[in-house]
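Trainee: Each chain, letter by letter, is given below.
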Amino acid sequence: MSVIRNAELVPAPARRSFAALFSNVSRWRVPLSILALCILPWVLPSQALAVNVLIYGLVAVGYNLLFGYTGLLSFGHAAFFGAGAYATGIAIGAFGVHWFIAMLIGVLVSGLLATVMGMLAIRTRGIYFSMVTLALAQLVYYAALQASSWTGGENGLRGFTVSTLHLPGFSVNFLDPLVKYYAIMIVVAGALWFVSRVLNSPFGAVIEAIRENETRARACGYDVERTKLLSFILSGILCGLAGTLSAMHLSIVPLDSLHYHTSGLIVMMTLLGGAGSFFGPFIGALAFLSMEDIFSLWTSNWQLIVGVIFILFVLYLPKGIWGTLISWGKSR
Amino acid sequence: MSVTNIGKQFGGLVALKDVTADFREGQITAIIGPNGAGKSTFFNILSGALKPSSGTLRFRGADMAGVPQHDYVHRGIARSYQITNIFPNLSVLENVRVAAQAFRSRMNIWADRSADRDSEDRASAMLASVGLSARAATPAKFLAHGQQRALEIAIALVADPALLLLDEPTAGMGPEETREMVALIEKLAAQRTILLVEHKMKMILGLSDRVLVLHHGQMLADGTPKEIQANSEVRRVYLGQNDGYA
Amino acid sequence: MTNGIETLASRPIGRRAALIGLAGVAGTLSMPWIARAQAETIRIGFPTPLTGPFAAEANDQVRSAQLAVKLANDKGGIAGRKVELLVRDDKLNAGEAATRTLELIEKDKVHAVVGALSSAVQLAVNEVTRARSMLYISISQSDTINEIKDFSPYTFHEALNPTMTTAVVARHSFKKGSKVAYLVADYAYGHEMLRGFKRAAKEIGAQTVSEILHPFGAADYSTFIPTILSSGADILCICNFGRDQANSIKQAVDFGVKDQMKIVVPVLLHNQRLAVDPEVFEGVTGGANYYWGLEETMPSAKAFNDAFRAMYKGTIPTDYGAYGYTGVASLLIAIEKAGGTEPQKVIAALEALKYDIAKGEQSYRKCDHQSMQSVLVLESKAKKAMKSDADLFKIVAAEPASESVLRTCSELGFKS
Amino acid sequence: MTVQLIAMQLFSGLALGAVLIMVALGLSIIFGMLGIVNFAHGALFMVGAYAGLYVAGLTGSFWWALLIAPVMIGLFGMLIERFLIRPLYGRSPDDPLLLTFGLGYVLVEAVRILFGTDGIPFSTPAALRGVVNLGIGFFPLYRLFVIGVVVAVLLLLWIGLEKTKFGLIVRAGSADPLIMRVLGVDISRLWLVVFGIGVGITALGGVLAAPMRNVSPEMGTLVLAEAFVVTVIGGMGSLPGAVIAGLIVGVSVSMTSLFAPEMATIVMFALMALILLVRPNGLYGRAAPGL
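Chains as they are written, first to last, in the working numbering: chain A, 1 to 332; chain B, 1 to 246; chain C, 1 to 416; chain D, 1 to 291.
Any given hint could be a false lead.
[Stated by the list, open to error] Label-pair restraints from in silico Cβ distances:
| no. | chain 1 | residue 1 | chain 2 | residue 2 | range |
| --- | --- | --- | --- | --- | --- |
| 1 | C | E411 | D | A260 | 29 to 37 Å |
| 2 | B | H74 | D | V151 | 30 to 38 Å |
| 3 | C | K384 | D | R91 | 42 to 50 Å |
| 4 | C | K384 | D | V278 | 51 to 59 Å |
| 5 | D | L114 | C | D74 | 33 to 41 Å |
| 6 | C | E411 | A | Y182 | 25 to 33 Å |
| 7 | D | A7 | C | A385 | 34 to 42 Å |
| 8 | A | N173 | B | H74 | 40 to 48 Å |
[Said to hold, decoys possible] Below, a sample of chain C positions facing chain A; criterion: calculated Cβ distance under 10 Å:
| no. | residue |
| --- | --- |
| 9 | I105 |
| 10 | Y187 |
| 11 | I333 |
[Claimed, not checked] According to the in silico footprint, chain A covers these stretches of chain B (three or more CB under 8 Å from chain A):
| no. | stretch |
| --- | --- |
| 12 | 13-27 |
| 13 | 84-93 |
| 14 | 100-107 |
| 15 | 111-121 |
Source of the hints: derived by calculation from the structure; they are not laboratory data.
The beta-carbon is built from N, C-alpha and C at its ideal position, and this holds for glycine as well.
Whenever a hint applies, use it, and build me the whole structure from the sequences.
Mentor: Here you go:
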């Protein structure tokens, strides 16, 4: 049902040159990503932007697990991102919980939400799946808007600034932008390693089989619904983790983080970079946020440029930046 | 596998009515019948894709009523599809490997899939036996039609099923490809029970041990190819009206 | 249509502002030694929603802020230093605003931040600046920022707040025995306005006959109107903002609400009024921080308008635009008085400041840093009474600054 | 709370339902016939309102705007289909959805550049101003007019689809494109026309909404949400479904407005989630495509 190709995991024919290069890239994907992330704050215009790339990169990677690898187009992933952020913020602000525990709580809450939403949404298929996830996420949005004594409503959640990270034995100044970047990067790197393992696992093979042909996967003896649900939950947890990081980074949780525009943004980033590839979503987040940052300094009509670029990608480069690079490399 | 009084209704439409049959081990049984006779419905019920409205389905003595479709293959029933049904963007090897993997690991998110040598070996061996070893690394969608059909059967076979259901295995094939497929099926028949739906009458009569004829959702005849050829009623409703099949 | 053209005309300004910002980026990125040499320049970060439904207001804010900067540089700078405004698009999104503010502080090394148009954005910027001891002049209406929970010693609130706006508007539109129906947007700002009105109504002796919360950002108000019509009210008080306000008033008028009751709103916006037919708004009363017509009675308003006209080809400043001016100008005066940008000295100067730069005397209250200032009550004119396209409102009253319209320091949680 | 008020509320709900049907119709048609989820629906609605404004400015008449603007935007829609959507047929059903999502961004920004970021006044035509006494209360004449137009459009659509040869071909084509090709019908031209009609009706909705909701570049955002809710509840692609869903949603919103007004928006999404959980394809929907 899906046109998304997973070029990376197709064992490459033993050819030299580009093909070999790309299969090496694939083998070393986690160390390579970490290396790239290490130099990111030095090449981007600002560290705040670099942190956003980390966070949205992680969101896109988490989303990609569901969209790119399992073939399910969810329009409600903002709910998990926002839930993670709100849970962390509330845990710190209202209950004075240690930041590390608060992050665990954030991940847990988004995982629970993903379980509930997943169980409801997995029953529907195709376009209805997109719509149900959208509707359920909107319910979460309105719930957060209404529960303003907990969430701050439209004003957003505030009052949980973490300025120092206390770790066993030492503490670091979290207000220092570089310290903050590398602290968050460690978490993101860990998450990337996790995703890489999941993709390489037997489960990773099953979700791709489901994306490629649901009927066949079922006939092969896979419980499609349970597999989809697990993929949905893992994806939600990763987005929730990104949400907790976003809360720590910005020291606020905007209500907009639950809005369906955020969900749309996640889809756009993933597609731009290349759904169904390991590096794609991160590259998509990097490209999207950099474009937005640069164009919005240059013109207030930056949305026009971003929209046109997105359309061109859907039309001519549906594999996204990274997917196109890979198939170009392979064809050499 | 035995079916007793199986019936299936879609809304008001009766697709299958009171079909009873018993499939003995080690036989090739062909199911024939004109279009709309209920072959596909029957097949889908046998493979668990549809649940019968009435009647019982037993396999190796166990009632299959509450068994979800994805468990059928674990009990030893595998199928191929009439329309090619493979994983188009996965490599040929991965197509078969992922099918083999279903017997070892399904929800494990932490192991390395390449550590599962067994599934890979079984998949490679299966590809060798259907003659696709040379194309193992190619994305499945780039295979020729006949090769895709062979891959389709390899996916079903890697489960090492006791009962193999083949839905028009030679659909859309030329004479050469058909011959190869027939040879493959004969080779397989040595080890397992095979049930197939086919239109190519000559092939069925040469290949199968037994033929069931469905007509308007009901069992019209059941016997050896010779008996079926001699059955006047079958000739009347089926062979006579459409000599294209003969 | 005239509006579109006006906005188009303002675009080059926005781009110029952006280019200044871009030059700043390039400077700090590639030539750190130059960045150090420029340390003498006073850099003011200015996050504002250049994209989104309030882009017109944002553009006015930028233009007015640029005017304040230009006037300061024209007279030789502030404390001997040049002033630079770094405009950033916050997209009316709190997360975006927090990121932009972090950039302004961490990368552009600004000395102070002025800006924000929505309550959520303002509170986000406040949260970021508070943690980093950064001066911030907020210019968006909100009661929340006055409360002790969000208080930052580094933040000064130049805009009106709902409590003071509604107190003054109620004083000039409610009477003893008035029957008031409220249609309120269901979010913090709406609730704050409702609370303000009811507080004032209690003092005046007006009576609440109906109170309807509508979802924030609703498109259709037709289903709320039957209840309002059957409430027997003589005043309908619509507590929402921007597009919500325009849509709800428009639909209420369609239903003939104005035949039965007077419509009162907390804030009338110049640009939003232009976006709707004059006859829809005709007779609607509401508050404002600034209206250009104030120049007839107020010399400082005249001076502001004239400087604005001189810089922008005869156009006039608007309400939210004026915030950009008074916000930046008051900060610059305080920096001048403090002799530099050292935050504690600037805070002391701001707390002691008495300034009249556009709308009569203003000063910041010590406990919550709220600017005490005049509040205008405006009534929207009928089309035939308008002498020009910009002649939108009649000034019903211009109440001078007074602490009596504010919540007391102890009410806000401050120990006095 | 009088009986009269409840009756009035019910009527407002039905009237709102008519507006919602109008808002959702274009989305429903394009999905029903072409299987395309048009995320640019809200933006096209808004563009329709601006086109109406533009035509009304040129001709000085609302009535011309009501006639010409939908045709203009319908033709524009055909251009979109020809150059942006057509290359995507045969690809993943997600692709048109994603493309129109991007298109929505572009259209909103283009309008901001052309017409400014502020809204622009759009007055109710003089002949349709004022209120009508319904016996249970007063109701704006303009809204009654909108109900009339919606009924007329629905009738025309029904006749067009059920009683004409064109409708027969369209219905057959949407059921099985292959058969049409076998029969020698140029399916791509058919889809071009259907997409144009869908977009034209969307634009008509925009022109009709303009005197009620004011015209601004963001007016489409809410419309998209409303249209999705109505279409999805009704069953994507089902015309009677959209009509019934519109009325259900209208009345639900209206009754919620009476008893818990702040929940009036959330009730739409709750209703949608609820109905989809009970009936995964909506009230009258057929199975989702692409699977």
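Trainee: Please go over all the hints and tell whether each is borne out by the structure.
Mentor: How the hints compare with the structure:
no. : hint                         : in the structure
1   : C:E411 to D:A260: 29 to 37 Å : holds, 30 Å
2   : B:H74 to D:V151: 30 to 38 Å  : violated, 57 Å
3   : C:K384 to D:R91: 42 to 50 Å  : violated, 59 Å
4   : C:K384 to D:V278: 51 to 59 Å : holds, 57 Å
5   : D:L114 to C:D74: 33 to 41 Å  : holds, 36 Å
6   : C:E411 to A:Y182: 25 to 33 Å : violated, 44 Å
7   : D:A7 to C:A385: 34 to 42 Å   : holds, 40 Å
8   : A:N173 to B:H74: 40 to 48 Å  : violated, 56 Å
9   : I105                         : holds, 9 Å
10  : Y187                         : holds, 4 Å
11  : I333                         : violated, 29 Å
12  : 13-27                        : violated (count 0)
13  : 84-93                        : holds (count 8)
14  : 100-107                      : holds (count 7)
15  : 111-121                      : holds (count 5)
Hint violations for this structure: numbers 2, 3, 6, 8, 11 and 12, all remaining hints satisfied.
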